[in-house]
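Asks: Listed in order, the protein sequences are those of chains A and B. Under my numbering, the first residue of the first sequence carries the number 1, and numbering increases by one thereafter. Under my numbering, the first residue of the second sequence carries the number 1001, and numbering increases by one thereafter.
There's no promise every hint is true.
To be verified - Computed footprint of chain A on chain B; a stretch qualifies when at least three of its residues, placed anywhere within it, have a C-beta under 8 Å from a C-beta of chain A:
#, segment
1, 1012 to 1019
2, 1022 to 1031
3, 1073 to 1079
Stated by the list, open to error - Here are the simulated SDA-like cross-link-like pairs (lysine to any residue), alpha carbons at most 20 Å apart as the crow flies:
#, chain 1, residue 1, chain 2, residue 2
4, A, Lys-91, B, Arg-1031
5, A, Lys-91, B, Ala-1045
6, A, Lys-91, B, Leu-1172
7, B, Lys-1028, A, Ile-85
8, B, Lys-1028, A, Pro-87
9, A, Lys-19, B, Asp-1198
10, A, Lys-20, B, Gln-1129
11, A, Lys-91, B, Gln-1010
12, B, Lys-1028, A, Lys-19
13, A, Lys-19, B, Ile-1200
14, A, Lys-20, A, His-116
15, A, Lys-20, B, Gln-1010
16, A, Lys-20, B, Ile-1200
17, A, Lys-91, B, Lys-1028
18, A, Lys-91, B, Asp-1034
19, B, Lys-1152, B, Gln-1165
20, B, Lys-1028, A, Phe-101
21, A, Lys-117, A, Cys-76
22, B, Lys-1028, A, Glu-88
23, A, Lys-110, B, Phe-1204
24, A, Lys-91, B, Tyr-1032
25, A, Lys-19, B, Phe-1204
26, A, Lys-91, B, His-1038
27, A, Lys-20, B, Leu-1201
28, A, Lys-20, B, Thr-1035
29, B, Lys-1028, B, Ala-1105
30, A, Lys-20, B, Asp-1203
31, A, Lys-91, B, Thr-1035
32, A, Lys-19, B, Gln-1129
33, A, Lys-91, B, Leu-1033
34, A, Lys-20, B, Ala-1202
35, A, Lys-20, A, Pro-105
36, A, Lys-19, B, Ala-1202
It should be emphasised that the hints constitute simulated quantities derived from the structure, not laboratory data. Small disclaimer: the values here were computed from a predicted structure and weren't measured. Cβ atoms here follow ideal geometry from the backbone N, Cα and C, with glycine treated the same way.
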Amino acid sequence: MALTALICDDSLLARNQLKKSLPAEFDADIVTASNGMEALAILRSQEVGLVFLDLTMPELDGVGVLEAIKADAMDCLVIVVSADIQPEMQKRVMELGALAFVRKPASAEKLSEVMHKYGLI
Amino acid sequence: MTDLAFSELQRDCLQELINVAMGQASDKLARYLDTFVHLQVPAIALVDAAELPQHFASRYQQQCATLVSLGFFGDSGLRGETIMLYQLDNVGVIAQLLGYSDDSASEAEMLTDISSVLTTTFLNGLAEQLENSFSYAAPRIISSRDDNFGQKLAYSAEQWQLALQVDIRYQLTDFSFDCDMILLIPGEAVLRLRQILDSILADF
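Excised from the complex, chain A in its bound form (with noise of 0.2 Å):
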């Protein structure tokens, strides 16, 4: 059975650039959400194996959903996908529970990258 993959972004853009980026042997059904609340909405309603995850987003942001995942011991893995590269915010993630943390634009190649390494592929 196909995985459920969420990309969470506010821009039309990066969603489809993010999804356009995805390796071609990912195999997934992917659904999208254009804020936190949206994303949280989907994760309470669905089964979802994986996030992509951006972090600067009006409503909810994306630390606010990794809080919300933490708190109610979701089970799914979330990479982050976000501009905001400062190396503070990139530990926050992390410790909030993030399997990786990529910069955007995410290129074909990181994606790929991380994905091998963690089995997602």
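Add chain B to chain A, keeping to what the hints say.
Replies: Quick look at chain B alone, frame taken from chain A:
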């Protein structure tokens, strides 16, 4: 003005490019000041440049403010100006941290330094994504302590008929220090920018 308007897709695309460039600039600023910069989603608006002096004047009515302007010139007609606005209430704290002495000449020097860290990093990041490259004019500094602040602002605005106003707020968490960045692009450069955005969008 309507013929210069952005479609929703173009606006989204530009917002994302700005977001990425802003992330790079914030990272530089955070390292420079050894602190953390809180990022927010930037607000983008197409404005009549003639309204800008009024806009700035009312925004900074109650406080002392300093404005640092930097002109940029790119390939194929892309050009504009960034304006950094600083509230001076807490400038002294930063000056102490960075080891600048406590006089107005040093304050101007410090704000020019911070502005060039922020704006050149931001603009280089933006240029790279637009597959362009920018060169820069020497920065200009205008303080609200100057008697002719309004006049200088008006002069700055006069050079642009239309402007893309991108309000970016850099807020530092370790100490209170807000500065705003405004990106002004003249009408013909807005047209050029739209073409570039369309070609980026065509790839996705």
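Asks: Look at each hint and say if it fits the structure.
Replies: Taking the hints in turn, this is what the structure says about them:
1. Counting residues of the segment 1012 to 1019 of chain B whose CB lies closer than 8 Å to any CB of chain A gives 5, which reaches the minimum of 3, so the coverage claim holds.
2. Here the segment 1022 to 1031 of chain B counts 6 residues with a CB under 8 Å from a CB of chain A, which clears the bar of 3, and the coverage holds.
3. Coverage of a stretch by a chain is defined here by at least three residues with a beta carbon nearer than 8 Å to that chain's beta carbons; for the segment 1073 to 1079 of chain B and chain A the count is 0, and the condition is violated.
4. A threshold of 20 Å between alpha carbons decides the hint, and for Lys-91(A) with Arg-1031(B) the separation of about 15 Å falls inside it, so the pair holds.
5. The suggested pairing of Lys-91(A) with Ala-1045(B) is violated, with an alpha-carbon distance near 34 Å, which exceeds 20 Å.
6. For the suggested pair Lys-91(A) and Leu-1172(B), the alpha carbons sit about 17 Å apart, so the restraint of at most 20 Å is met.
7. Among the hinted pairs, Lys-1028(B) with Ile-85(A) is consistent with the structure: their alpha-carbon atoms are about 10 Å apart, no more than 20 Å.
8. Distance hint between Lys-1028(B) and Pro-87(A) is fulfilled; the C-alpha atoms sit about 11 Å from each other, no more than 20 Å.
9. Distance hint between Lys-19(A) and Asp-1198(B) is fulfilled; the C-alpha atoms sit about 19 Å from each other, no more than 20 Å.
10. Between the alpha carbons of Lys-20(A) and Gln-1129(B) the distance comes to roughly 17 Å, so the proposed pair stays at or under 20 Å and holds.
11. Distance hint between Lys-91(A) and Gln-1010(B) is unfulfilled; the C-alpha atoms sit about 33 Å from each other, more than 20 Å.
12. Between the alpha carbons of Lys-1028(B) and Lys-19(A) the distance comes to roughly 29 Å, so the proposed pair goes past 20 Å and is violated.
13. Of the supplied pair hints, the one linking Lys-19(A) and Ile-1200(B) holds, its CA atoms being roughly 15 Å apart against a limit of 20 Å.
14. Between the alpha carbons of Lys-20(A) and His-116(A) the distance comes to roughly 17 Å, so the proposed pair stays at or under 20 Å and holds.
15. Under the criterion of a C-alpha separation no larger than 20 Å, the hint pairing Lys-20(A) with Gln-1010(B) is consistent with the structure, at around 19 Å.
16. For the suggested pair Lys-20(A) and Ile-1200(B), the alpha carbons sit about 13 Å apart, so the restraint of at most 20 Å is met.
17. The hinted pair formed by Lys-91(A) and Lys-1028(B) meets the criterion: a straight-line CA distance of about 17 Å does not exceed 20 Å.
18. For the hint pairing Lys-91(A) with Asp-1034(B), the CA-to-CA distance comes to about 15 Å; that is within 20 Å, so the pair holds.
19. Among the hinted pairs, Lys-1152(B) with Gln-1165(B) is consistent with the structure: their alpha-carbon atoms are about 18 Å apart, no more than 20 Å.
20. With a CA separation close to 18 Å, the supplied pair Lys-1028(B) and Phe-101(A) stays within the 20 Å bound.
21. For the hint linking Lys-117(A) to Cys-76(A), the alpha-carbon distance of about 17 Å falls within 20 Å, and the restraint holds.
22. Taken as a hint, the Lys-1028(B) and Glu-88(A) pair is honoured in the structure, with Cα atoms around 13 Å apart against an allowance of 20 Å.
23. For the hint pairing Lys-110(A) with Phe-1204(B), the CA-to-CA distance comes to about 18 Å; that is within 20 Å, so the pair holds.
24. Of the pairs offered as hints, the one joining Lys-91(A) and Tyr-1032(B) holds, with about 18 Å between alpha carbons and a cut-off of 20 Å not exceeded.
25. Of the pairs offered as hints, the one joining Lys-19(A) and Phe-1204(B) holds, with about 9 Å between alpha carbons and a cut-off of 20 Å not exceeded.
26. Among the hinted pairs, Lys-91(A) with His-1038(B) is consistent with the structure: their alpha-carbon atoms are about 15 Å apart, no more than 20 Å.
27. Taking the CA atoms of Lys-20(A) and Leu-1201(B), the gap is about 12 Å. The hint holds against a cut of 20 Å.
28. Taken as a hint, the Lys-20(A) and Thr-1035(B) pair is broken in the structure, with Cα atoms around 35 Å apart against an allowance of 20 Å.
29. For the hint linking Lys-1028(B) to Ala-1105(B), the alpha-carbon distance of about 24 Å lies beyond 20 Å, and the restraint is violated.
30. This hinted pair checks out: Lys-20(A) and Asp-1203(B) have alpha carbons roughly 10 Å apart, not beyond 20 Å.
31. At most 20 Å may separate the alpha-carbon atoms for a hinted pair to count; Lys-91(A) and Thr-1035(B) meet this at roughly 14 Å.
32. For the hint pairing Lys-19(A) with Gln-1129(B), the CA-to-CA distance comes to about 19 Å; that is within 20 Å, so the pair holds.
33. Restraint check: the Cα-Cα separation between Lys-91(A) and Leu-1033(B) comes to about 18 Å, which is no more than 20 Å; the hinted pair holds.
34. Restraint check: the Cα-Cα separation between Lys-20(A) and Ala-1202(B) comes to about 13 Å, which is no more than 20 Å; the hinted pair holds.
35. About 12 Å separates the Cα atoms of Lys-20(A) and Pro-105(A), which keeps this hinted pair within 20 Å; it holds.
36. Of the pairs offered as hints, the one joining Lys-19(A) and Ala-1202(B) holds, with about 15 Å between alpha carbons and a cut-off of 20 Å not exceeded.
Violated hints, listed in ascending order, are 3, 5, 11, 12, 28 and 29; each of the other numbered hints is respected by the structure.
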